[in-house]
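Q: Below are the chains, spelled out letter by letter.
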Amino acid sequence: MTAGLITDFGLQDAYAAVMKAVILDRCPDARIIDISHDIEPRNVLSAAFVLYSAWNWFPPGTVFLAVVDPGVGTGRRECIVESGGRFCVCPDNGITSLAGRMNKNSRAFRARPEILKQLAAQKPYYAATFDGRDLFAPLAAMMLKLGRDRVCGERIEPVIVREVFSRKDSSGDGIDGYVMHLDRFGNVVTSIHVSDLDSAGAAAGREVRIQAGEAMLPEIQTVSRTYADAVPGGLLAYWGSAGFLEIAVREGNFGYLHKVKTGNPVKLRYFHA
Amino acid sequence: MTAGLITDFGLQDAYAAVMKAVILDRCPDARIIDISHDIEPRNVLSAAFVLYSAWNWFPPGTVFLAVVDPGVGTGRRECIVESGGRFCVCPDNGITSLAGRMNKNSRAFRARPEILKQLAAQKPYYAATFDGRDLFAPLAAMMLKLGRDRVCGERIEPVIVREVFSRKDSSGDGIDGYVMHLDRFGNVVTSIHVSDLDSAGAAAGREVRIQAGEAMLPEIQTVSRTYADAVPGGLLAYWGSAGFLEIAVREGNFGYLHKVKTGNPVKLRYFHA
Amino acid sequence: MTAGLITDFGLQDAYAAVMKAVILDRCPDARIIDISHDIEPRNVLSAAFVLYSAWNWFPPGTVFLAVVDPGVGTGRRECIVESGGRFCVCPDNGITSLAGRMNKNSRAFRARPEILKQLAAQKPYYAATFDGRDLFAPLAAMMLKLGRDRVCGERIEPVIVREVFSRKDSSGDGIDGYVMHLDRFGNVVTSIHVSDLDSAGAAAGREVRIQAGEAMLPEIQTVSRTYADAVPGGLLAYWGSAGFLEIAVREGNFGYLHKVKTGNPVKLRYFHA
Numbered sequence: 001m002t003a004g005l006i007t008d009f010g011l012q013d014a015y016a017a018v019m020k021a022v023i024l025d026r027c028p029d030a031r032i033i034d035i036s037h038d039i040e041p042r043n044v045l046s047a048a049f050v051l052y053s054a055w056n057w058f059p060p061g062t063v064f065l066a067v068v069d070p071g072v073g074t075g076r077r078e079c080i081v082e083s084g085g086r087f088c089v090c091p092d093n094g095i096t097s098l099a100g101r102m103n104k105n106s107r108a109f110r111a112r113p114e115i116l117k118q119l120a121a122q123k124p125y126y127a128a129t130f131d132g133r134d135l136f137a138p139l140a141a142m143m144l145k146l147g148r149d150r151v152c153g154e155r156i157e158p159v160i161v162r163e164v165f166s167r168k169d170s171s172g173d174g175i176d177g178y179v180m181h182l183d184r185f186g187n188v189v190t191s192i193h194v195s196d197l198d199s200a201g202a203a204a205g206r207e208v209r210i211q212a213g214e215a216m217l218p219e220i221q222t223v224s225r226t227y228a229d230a231v232p233g234g235l236l237a238y239w240g241s242a243g244f245l246e247i248a249v250r251e252g253n254f255g256y257l258h259k260v261k262t263g264n265p266v267k268l269r270y271f272h273a
Numbered sequence: 001m002t003a004g005l006i007t008d009f010g011l012q013d014a015y016a017a018v019m020k021a022v023i024l025d026r027c028p029d030a031r032i033i034d035i036s037h038d039i040e041p042r043n044v045l046s047a048a049f050v051l052y053s054a055w056n057w058f059p060p061g062t063v064f065l066a067v068v069d070p071g072v073g074t075g076r077r078e079c080i081v082e083s084g085g086r087f088c089v090c091p092d093n094g095i096t097s098l099a100g101r102m103n104k105n106s107r108a109f110r111a112r113p114e115i116l117k118q119l120a121a122q123k124p125y126y127a128a129t130f131d132g133r134d135l136f137a138p139l140a141a142m143m144l145k146l147g148r149d150r151v152c153g154e155r156i157e158p159v160i161v162r163e164v165f166s167r168k169d170s171s172g173d174g175i176d177g178y179v180m181h182l183d184r185f186g187n188v189v190t191s192i193h194v195s196d197l198d199s200a201g202a203a204a205g206r207e208v209r210i211q212a213g214e215a216m217l218p219e220i221q222t223v224s225r226t227y228a229d230a231v232p233g234g235l236l237a238y239w240g241s242a243g244f245l246e247i248a249v250r251e252g253n254f255g256y257l258h259k260v261k262t263g264n265p266v267k268l269r270y271f272h273a
Numbered sequence: 001m002t003a004g005l006i007t008d009f010g011l012q013d014a015y016a017a018v019m020k021a022v023i024l025d026r027c028p029d030a031r032i033i034d035i036s037h038d039i040e041p042r043n044v045l046s047a048a049f050v051l052y053s054a055w056n057w058f059p060p061g062t063v064f065l066a067v068v069d070p071g072v073g074t075g076r077r078e079c080i081v082e083s084g085g086r087f088c089v090c091p092d093n094g095i096t097s098l099a100g101r102m103n104k105n106s107r108a109f110r111a112r113p114e115i116l117k118q119l120a121a122q123k124p125y126y127a128a129t130f131d132g133r134d135l136f137a138p139l140a141a142m143m144l145k146l147g148r149d150r151v152c153g154e155r156i157e158p159v160i161v162r163e164v165f166s167r168k169d170s171s172g173d174g175i176d177g178y179v180m181h182l183d184r185f186g187n188v189v190t191s192i193h194v195s196d197l198d199s200a201g202a203a204a205g206r207e208v209r210i211q212a213g214e215a216m217l218p219e220i221q222t223v224s225r226t227y228a229d230a231v232p233g234g235l236l237a238y239w240g241s242a243g244f245l246e247i248a249v250r251e252g253n254f255g256y257l258h259k260v261k262t263g264n265p266v267k268l269r270y271f272h273a
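Chains as they are written, first to last, in the numbering used here: chain A, 1 to 273; chain F, 1 to 273; chain C, 1 to 273.
Calculated from the structure, these hints are not laboratory results.
No experiment lies behind these values; they were computed from the predicted model shown.
Just so you know, not all the hints are guaranteed correct.
Note that identical chains are pooled: a pair holds if it fits in a single copy or bridges any two copies.
In silico DSBU-like links for lysine-lysine, alpha-carbon gap of 35 Å or less [claimed, not checked]:
1. K123 / K145
2. K168 / K123
3. K145 / K168
4. K168 / K104
5. K168 / K267
6. K145 / K267
7. K145 / K104
8. K117 / K261
9. K145 / K259
10. K104 / K267
11. K145 / K261
12. K104 / K117
13. K117 / K145
14. K168 / K261
15. K261 / K104
16. K117 / K259
17. K123 / K259
18. K123 / K267
19. K168 / K259
Use the sequences and the hints to build the structure in full.
A: Shown next as structure tokens:
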């Protein structure tokens, strides 16, 4: 039984550890793997990418616990998303937008009302700000211990974050997408996936022009294979390890230098001389 | 057998991992959970809060290993604190000030002299700066393996950090406390606990005035229930997940904006129009 | 079976977690311990020190997985280094420079060609930037599961980073070395080891002069035993927990104050009045 945790709680507080203690209290044999607790505070889009990039590498049956939850204490719903034989317990705010679509037969549920009622009754009377501990971690433990059929209730359509999707531009001459995530190195992960382009378009060496946010990037003229295809300090675009187009400065920090933020638009155009 | 680790060692060095290796060498079946290694360097007060917020969520029998140790290499004593059936191995510098008082029948011990002597003999001759590895981790492993009665010696009164306590102000018209901790989001955790106020005073909606450090906060007029009770960018106070009064900017960083530091005084006053 | 992970991947992405999932997929009983994922991006020298400081504390048979890999996607080789009964799977870029020399009978290997071929065939066609996931983690899992003899092929001389070594200066009057690492507290770890000096020279109290980078540090006149030997804010040098000379500001951040960087030269001279 594997649990994978992703939050914006950071590691300077006990928040993540308390969620682990809650899971292990109900489910002592669980193997808990931290995916990340350093998601930018409240950045659901970034979390959606990071969750996606881990999803299918975890064993079938994994229960992910994803708590980036700016709506804690409001009426936002909890949900449990199933995709490719793995599950995610999370607030219904779009955090599974990518992972929920990467496998066929994905579906989403609310928890059973009697379980929600029971958990609400156990909550400390004063606490309305830590559903990670009081709601989501117990639900994840129940998913591990009791399984989907005893925890999941009503089917729902989960909230989707639109910036995880790319689309052909109107002229058919390229792809429009968004910045989904900045990684540790300042590399920018876009929503343009290698499978969005036909094989000719995705091929290394095909001449392209790229715009990220306000920045035109004429220095990038092809999609490279790896960092070493640029000189140190030089710009490059390449298909990243999760299959999405990434933009980087070799041995530098692209996101910082170009003030790129998640949600910024990205354009890839085929070049006609 | 569960060990819970809390230090200010950060995660850019091997310090925390070496302590884990030392524990697992003596106690291969231990389950080790990181609480935090990102306590602000040398901030015992902040660590005392973080340890408290995790304590009772961990299973009975847990041995915490808490090393925020500005006095390493001096004559400061080690101690082992018992509270609610859980234990903490740490320097005797106040790090258990809150956790040691949260349960009845708390008590504190030094380690047995023969154990200290044995560990001192095994220490590398040049090393006077890493008692986490050379003293506290072996003691924690012994606590897990041998238990309290074979490791603990003389009873002591542990050092207490005064800023973890609040008190009624002289007019009886409010509570005075301190900033204990800033969390990852810049939310400020004070030492004013929901149980310090009578139930009328603690009730959501009761009109109050709050001062934190130098900052009067007239925008806060009641204790809220959750972040969504303020507009984005707005100030609020609420009972946090560990029962202490917290002050935050919704979707912002209160501690940074108001230059709040741990140890700053906090005043809560009932408002009389 | 223990795996120890050290990378510059940070914890805001899923990179480290995906490597763990890959190891556990092939080797479900592995116990994985994070050493650090917060190595400064691309800083092989710093990683070499951190790996060294953990190496012999981990149990014999441990397989370390060390991925600080600025050359990913180029022709740089993988290697497997054996030292003191422990192993490290890593790019052949010098990351084991210290650990590989700390024990007798160290040696290094490439992986068997048929294994490399098999892993290359399983790699996603677009991915040339995450050998941590696609090459090194599977190799580490194979080392844990199959052992050295079935994974290691050709013996090689691994790349060495020269800044991990110190040398007597030409006058015989001191030792020259380098800054290898800055720790979480801004303490500077040099490549001058306590065993480099004769016992008289290494003794606490022996009068010395120290220069780090451009900064002469006349305030330091002896090697201290611990932080408390300096006043708060005062400079000191001492033998650190791994046996190397360290330079610090008590309750301050030496590296930040003096703009010290890894690779800067360090000189220790005996003082003659």
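Q: If a hint holds in the structure, say so; if it doesn't, say that too.
A: Here is how each hint holds up against the structure:
| no. | hint | verdict |
| --- | --- | --- |
| 1 | K123 / K145 | both (21 Å within a copy, 34 Å between copies) |
| 2 | K168 / K123 | between (48 Å within a copy, 28 Å between copies) |
| 3 | K145 / K168 | neither (44 Å within a copy, 46 Å between copies) |
| 4 | K168 / K104 | within (23 Å within a copy, 61 Å between copies) |
| 5 | K168 / K267 | within (10 Å within a copy, 58 Å between copies) |
| 6 | K145 / K267 | neither (45 Å within a copy, 46 Å between copies) |
| 7 | K145 / K104 | both (25 Å within a copy, 33 Å between copies) |
| 8 | K117 / K261 | neither (39 Å within a copy, 39 Å between copies) |
| 9 | K145 / K259 | neither (45 Å within a copy, 45 Å between copies) |
| 10 | K104 / K267 | within (28 Å within a copy, 56 Å between copies) |
| 11 | K145 / K261 | neither (39 Å within a copy, 43 Å between copies) |
| 12 | K104 / K117 | both (32 Å within a copy, 31 Å between copies) |
| 13 | K117 / K145 | within (19 Å within a copy, 40 Å between copies) |
| 14 | K168 / K261 | within (22 Å within a copy, 47 Å between copies) |
| 15 | K261 / K104 | within (31 Å within a copy, 50 Å between copies) |
| 16 | K117 / K259 | neither (45 Å within a copy, 41 Å between copies) |
| 17 | K123 / K259 | between (42 Å within a copy, 33 Å between copies) |
| 18 | K123 / K267 | between (47 Å within a copy, 28 Å between copies) |
| 19 | K168 / K259 | within (25 Å within a copy, 47 Å between copies) |
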